[in-house]
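Participant: Since the structure of chain F is already known, use the hints to place chain W on it.
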Amino acid sequence: MSTVDSLSEPLEFLQGTLEVLILRSLQIGPNHAYGIAQFLEQQSGQEFVVDNGSLYPALQRLLQRKWVTAEWKKSPNGRRARYYSLTAAGRKQVVAAASRWQRFVDAMARVLAPEG
Amino acid sequence: MWWRRKRSEEELQQEMAAHLEFEVEERIARGMAPDAARAAARRRFGNATAIAERTREVWSIRWLEAAARDVRYAWRAMARRPAFTAVAVGSLAIALGANTAVFAFVNAIVLKRLPVAGAERLVILRQKNEQFHMENCCFGYPFFRELRRARTDFEDVLAVSPADATMTDRGETEKLKIELVSGNYFRMLGVRAAAGRLLDDADDAVEGASPVCVISDRLWQERFAGDPGVIGRKVLLDDKPVQIVGITQKGFRGASLHNPADLEAPTAMASAFYGDNRATFGFLTLLARLKPGVTRAQALARLNPVAREIQKATGWRMGPHDDFLLYDGSQGIGSGAERFGKPVLVLALLVAVLLLVACANLAALLLVRSVERTREAGMRMAIGASRGTLFRQFLLESALLAVAGGAAGWGWASCSCGRSLGCCRRMSRWPRWCGRISRCSDLRRRPRPRRGCCSASCRRGGRRGRSRWRQFRVPHGRGRDGARWFHAR
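Chains as they are written, first to last, in the numbering used here: chain F, 1 to 116; chain W, 117 to 605.
Derived from the structure by calculation, the hints contain no laboratory data.
Heads up, a few of these hints could be off.
List time: in silico DSSO-like cross-link candidates among lysine-lysine, alpha-carbon distance up to 30 Å [to be verified]:
hint, chain 1, residue 1, chain 2, residue 2
1, W, K350, W, K293
2, F, K74, W, K122
3, W, K407, F, K66
4, W, K291, W, K366
5, W, K366, F, K73
6, W, K228, W, K428
7, F, K73, F, K92
8, W, K407, W, K428
9, W, K293, W, K458
Isolated chain F, as found in the complex (with noise of 0.2 Å):
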């Protein structure tokens, strides 16, 4: 069980991949914090698991950078929440952050991959 433990640990996030991230999982549709955070959670199969401490202010530095907006709205369940979606400037960006990620990753997946 140990061994099984280990391997499921959460892996953290790197500096700066939340961001994209969450505009990422911004792109189907307008969400909220908890529905960002389920999103990011079974996307990546359960690996990520993410802090609130770092989802807010992460939404709050999208804010002010106007990649994202936010207004409260009715969620299905008839609950009030905070939903962000969004802007022109932020779609682009995560186009523009996608592909360096892509590129960061295949350089990564190179450099660590055994040789032959």
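Facilitator: Below, chain W without anything else, positioned relative to chain F:
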């Protein structure tokens, strides 16, 4: 801005509360018991206070960055127009500097109080003198003794007589301002001893029986280097041996705010300084503390018949209409507010008007400048600056001008008082110095100073003459011809 900040704060709290509810609902939907679900959701959510704290940091950093940018911009705008900036800062500096300097005088002369317990209730007792058109400032010891026993609206009354004396210690002499004080003096003023003991009623009971004195902390530090062995030492005070028995608490310099003294001896030693027994002449200024809630007028109404009765009984001759008077004693005896208060306040009013003129001037300048800058403002709005941003930047430029003007004014005020560090000390010395000048001129202007019973003291010319002349105050320049050394008997 704080109101925007408050709204963000509320939104954050609501958002986090909603988030927590989502977590709870999800766990209940998975079949957990409500209580357990809530507890688990809390654990998963994390420390809400810490999360809010980290979120707020993001806001603060942004605010600081914006403020720093605006200050830089305002600085550049000021540097671009050096002439305008110099005129604005200069006129503000002159007006603010003048106000600062004059306020220092107002504070030192009018606002400050004697640093003793209940100073605001202290009153000085004087008496009209119809015959000489003067006010008598001083009373004899028997009058004081009986007044303390009488039923009045005073909590207590103390007697003090300022004088000058020469202290000789191990061959070195020093001129000192001293006070002869009644036995209850220190108790009534609530002064404590820094070392040794202070004077009490026993010291002042019998004429000449107790040749002791206490010295101020300042004299102890500067003359005796804080040596505790000074207590019990005998020094010569005007050639009479006197024993130092204690040191008063730090900061206490006698019962007069503007004529600080460094040594207190009991009134029972009066003959050593004045040559006469203390019962025979009027040399004591009486400082009384009103009972709480009693006005000066009430106290005076009650005092007059009682005090006149005492005067009759103690053989002090005064006319039938010579009423007693009570003056504000919150600055102790010999207050600068009495003599310089009005001129200083007029001066303060004048410089306040100067400030107003400078402000109006600057407002006009800024108005002209803002008209000049409409093009700039239009340009910046066109490239995306919001109305609020522009407003903030213009406001900040004005604020920067004001701060620069204030700083320059403060520097100027300090310089105009001499070295900036010596400023406060000079301020406190000024009224004394002025007082000395005008006292001397009073003496000179008296037409017949060398006649009658004052001749002896005037010929000596020095300390004793002065302290005796102070026994009468000459109001409004009247009755100078009649001014004459007045003796109790």
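Participant: State for each hint whether it applies.
Facilitator: Here is how each hint holds up against the structure:
Between the alpha carbons of W/K350 and W/K293 the distance comes to roughly 18 Å, so the proposed pair stays at or under 30 Å and holds. For the hint pairing F/K74 with W/K122, the CA-to-CA distance comes to about 23 Å; that is within 30 Å, so the pair holds. A hinted pair counts as satisfied when its Cα atoms are at most 30 Å apart, and W/K407 with F/K66 does not qualify at roughly 69 Å. For the given pair, W/K291 sits about 21 Å from W/K366 by alpha-carbon distance, which is consistent with the 30 Å threshold.
About 68 Å separates the Cα atoms of W/K366 and F/K73, which puts this hinted pair outside 30 Å; it is violated. Our distance criterion of 30 Å between C-alpha atoms is broken by W/K228 and W/K428, whose separation comes to about 37 Å. At most 30 Å may separate the alpha-carbon atoms for a hinted pair to count; F/K73 and F/K92 meet this at roughly 25 Å. Restraint check for W/K407 and W/K428: satisfied, since their Cα atoms lie roughly 26 Å apart, inside the 30 Å limit.
Distance hint between W/K293 and W/K458 is fulfilled; the C-alpha atoms sit about 27 Å from each other, no more than 30 Å.
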